[in-house]
Amino acid sequence: MLRYAGRRVLEAGARLFVISLLLFLVLQVPPGGPADIFAADPSASPEAVARIRALWGLDRPVLVQYGVWLRRAVSGDWGDSFSERRPVATAVLERVPATLLLTGSALAFSLGAGVLLGTVAAATRHRGLQGTVQALAVVGMSVPTFWSGTLVLLAFAVYLRWLPAGGMATIGAGFSLGDRLLHLLGPTVVLGSVYVAQWTRYVQAGLAEVLREDYIRTARANGVPEVALLLRHALPNAAIPLVTIVGLEIPRLLAGAMVTEVVFAWPGLGRLLTAGLLTRDYPVAMGVLMMLAVAVVLANLATDLAYRWIDPRVQLAGPAR
Amino acid sequence: MTARRRLRAAPLAVTAAGCLALLALGALAAPWLAPRPPDAVDLRVVLRPPGVVGWLGTDDVGRDVLSRLLHAGRGSLLLGLGVAVVSVGLGGLLGALAGYLRGSVDAAVSAAVDALLSIPTLALAMVAAAFVQLTPWRLVLVLSFLSWTTVARLVRGQILSLAQWPFVEAARALGASRPRILARHIVPNVLGPVYVAGTLLVAHAILVESALSFLGFGVPPPTATWGGMLHSAQVHFAQAPWLGVFPGLAILVAVASINFLGEGLRELLDPRGR
Chain A
1 MLRYAGRRVL EAGARLFVIS LLLFLVLQVP PGGPADIFAA DPSASPEAVA RIRALWGLDR
61 PVLVQYGVWL RRAVSGDWGD SFSERRPVAT AVLERVPATL LLTGSALAFS LGAGVLLGTV
121 AAATRHRGLQ GTVQALAVVG MSVPTFWSGT LVLLAFAVYL RWLPAGGMAT IGAGFSLGDR
181 LLHLLGPTVV LGSVYVAQWT RYVQAGLAEV LREDYIRTAR ANGVPEVALL LRHALPNAAI
241 PLVTIVGLEI PRLLAGAMVT EVVFAWPGLG RLLTAGLLTR DYPVAMGVLM MLAVAVVLAN
301 LATDLAYRWI DPRVQLAGPA R
Chain B
1 MTARRRLRAA PLAVTAAGCL ALLALGALAA PWLAPRPPDA VDLRVVLRPP GVVGWLGTDD
61 VGRDVLSRLL HAGRGSLLLG LGVAVVSVGL GGLLGALAGY LRGSVDAAVS AAVDALLSIP
121 TLALAMVAAA FVQLTPWRLV LVLSFLSWTT VARLVRGQIL SLAQWPFVEA ARALGASRPR
181 ILARHIVPNV LGPVYVAGTL LVAHAILVES ALSFLGFGVP PPTATWGGML HSAQVHFAQA
241 PWLGVFPGLA ILVAVASINF LGEGLRELLD PRGR
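Which chain is which? The protein sequence lines are A and B, in order.
The numbers in the first sequence follow the numbering used here, run straight up by one, and end at 321.
The numbers in the second sequence follow the numbering used here, run straight up by one, and end at 274.
What the hints contain is simulated information worked out from the structure, not anything from laboratory work.
For each residue, glycine too, the CB sits at the ideal point set by N, CA and C.
Where hints are given, some of them may not hold.
[What the hints assert, rightly or not] Some chain A residues close to chain B (C-beta under 10 Å, calculated; not the full set):
1. Thr90
2. Leu93
3. Val143
4. Leu163
5. Gly167
6. Val288
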């Protein structure tokens with residue numbers, strides 16, 4: 001297990017290195033960079049532009065810039081935001097909890113609902129229900145969240161006034177759990193509902209398969225009650241593949257969260273990236289993208305290790321992945 | 001015959017194909033179907049609800065929503081199709097090279113796939129859109145560059161596993177040449193899953209483009225897409241919800257239809273699955 005974990009951690013590190021190089025090249029090479037924006041200002045003298053380029057290190061070769069960036073990034077210095085004149089690390093890190101809260105609660109909501117519905121669908125073996133789940137799974141992944149989110153805001157915040165019109169807390173009021181939950185409800189349901197039917201489908205298919213296994217028949221013959229059979233004996237095994245699938249969906253979930261954040265004025269990484277890109281704030285964009293990549297790589301690492309921990313049969317470097 | 005019976009057993013896929021055909025027809029025939037030119041401004045009929053002036057109402061400068069919707073369908077659907085074609089080509093080629101040549105080629109392709117898959121497509125597309133002057137064609141290239149990974153991974157995996165199947169070994173033992181094995185045994189077996197992945201890519205591309213446009217990073221105005229319509233609808237959403245409801249509905253129907261079609265195709269091509 002330790003060797004497996006060590007190998008996976010090394011792989012994750014290598015992946016982050018490749019990603020950072022790729023991002024750096026994509027962000028630095030194209031024209032229209034920060035110095036170009038200053039140069040486009042007619043009142044900027046060539047000397048002033050050159051001074052700014054030198055100040056930001058933009059006059060050096062790209063690979064040297066990358067080396068400098070990498071050394072600083074590893075030590076926690078992500079540069080300064082061009083537009084906000086403060087450290088990128090601060091700006092990015094203060095947005096992380098909001099995004100984690102939103103993605104976490106959306107994931108929890110969708111998994112809870114999915115496991116519940118999937119278990120019911122598998123237990124009742126109702127064909128119509130199972131067909132409906134299949135169809136809803138496809139519809140769920142087809143809904144544009146920025147559209148459904150806007151409709152939810154319109155219906156529940158503008159017309160009915162049941163929900164706040166966005167943000168993370170009521171302005172002026174102090175922090176209270178109820179207030180936070182109320183603000184969280186809309187974005188959680190909008191983002192989570194994309195996945196509910198999908199998880200339902202996997203749980204149901206997994207349960208249907210596990211319920212045919214010999215050990216279930218043995219347990220049933222030994223007089224284990226049907227509910228215990230389902231929940232204690234079948235569900236844990238049926239849920240194993242779900243770990244991998246959830247891990248694979250993390251990038252999409254984060255992308256969905258970014259859009260949902262913009263709709264619900266949720267102060268997370270998505271809004272920071274949108275604002276940063278609209279003002280061409282390179283270091284901020286780089287910081288957010290790296291943060292997202294770190295989140296995805298860590299999530300994948302966690303699911304790999306969790307999978308191995310739950311199911312020790314998994315080997316390193318299996319055949320043709 | 002069996003194919004027809006299977007089709008009848010999949011009413012959802014057939015319905016989806018019908019919806020998609022309608023949308024595509026509407027988009028193709030937009031210049032003849034649209035009651036008014038999509039960009040015709042009429043300041044006497046600003047923000048009229050559906051049914052009063054046009055079937056689906058008018059926007060903040062009096063343009064007909066239905067006409068714009070039909071024309072925007074061309075942009076959205078073509079873009080989705082373009083992205084799917086380019087990324088299947090690119091991903092198929094790179095995946096095949098990785099699976100066939102293995103070694104350092106495989107390592108390089110796999111590293112690129114892993115890296116690209118670790119960052120949300122939408123975030124990277126936003127970055128690209130912020131730094132490149134977007135034209136519809138460039139957007140297709142950008143999105144394809146971000147979407148080829150799934151196909152490449154699929155093709156690579158298929159080739160690696162097919163090479164170990166007994167029927168390939170048998171063909172080799174019978175003295176079939178490498179190109180012949182590739183053309184007769186490998187390619188036909190890889191194509192099925194690639195069709196499915198390609199179909200799903202069309203849907204994904206339409207969704208990503210509309211999210212991009214919604215966030216303000218889409219193709220600039222003269223080219224209309226459904227996402228672009230949603231973006232400009234934001235300001236007036238509370239007073240004129242029809243401006244946002246219909247383009248969103250169009251996206252939902254198109255994307256869901258394509259996804260249903262993909263699922264149907266998957267079951268048609270691989271009756272063992274499920």
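Hint check results:
Annotation: Thr90/A was flagged as interfacial toward chain B, and the flag is violated, the nearest CB pair being 20 Å apart, outside 10 Å. Of the supplied interface hints, the one on Leu93/A is violated, with its beta-carbon coming no nearer than about 17 Å to a beta-carbon of chain B, more than 10 Å. The interface hint given for Val143/A holds, since its Cβ lies 6 Å from the closest Cβ of chain B, which is under the 10 Å cut-off. The interface hint given for Leu163/A is violated, since its Cβ lies 14 Å from the closest Cβ of chain B, which is over the 10 Å cut-off.
Hint on Gly167/A is violated. Least Cβ distance to chain B is approximately 17 Å, over the 10 Å limit. Checking Val288/A against chain B by beta carbon gives a least distance of about 7 Å; that is within 10 Å, so the hint holds.
Going through the hint list in order, the structure does not satisfy hints 1, 2, 4, 5.
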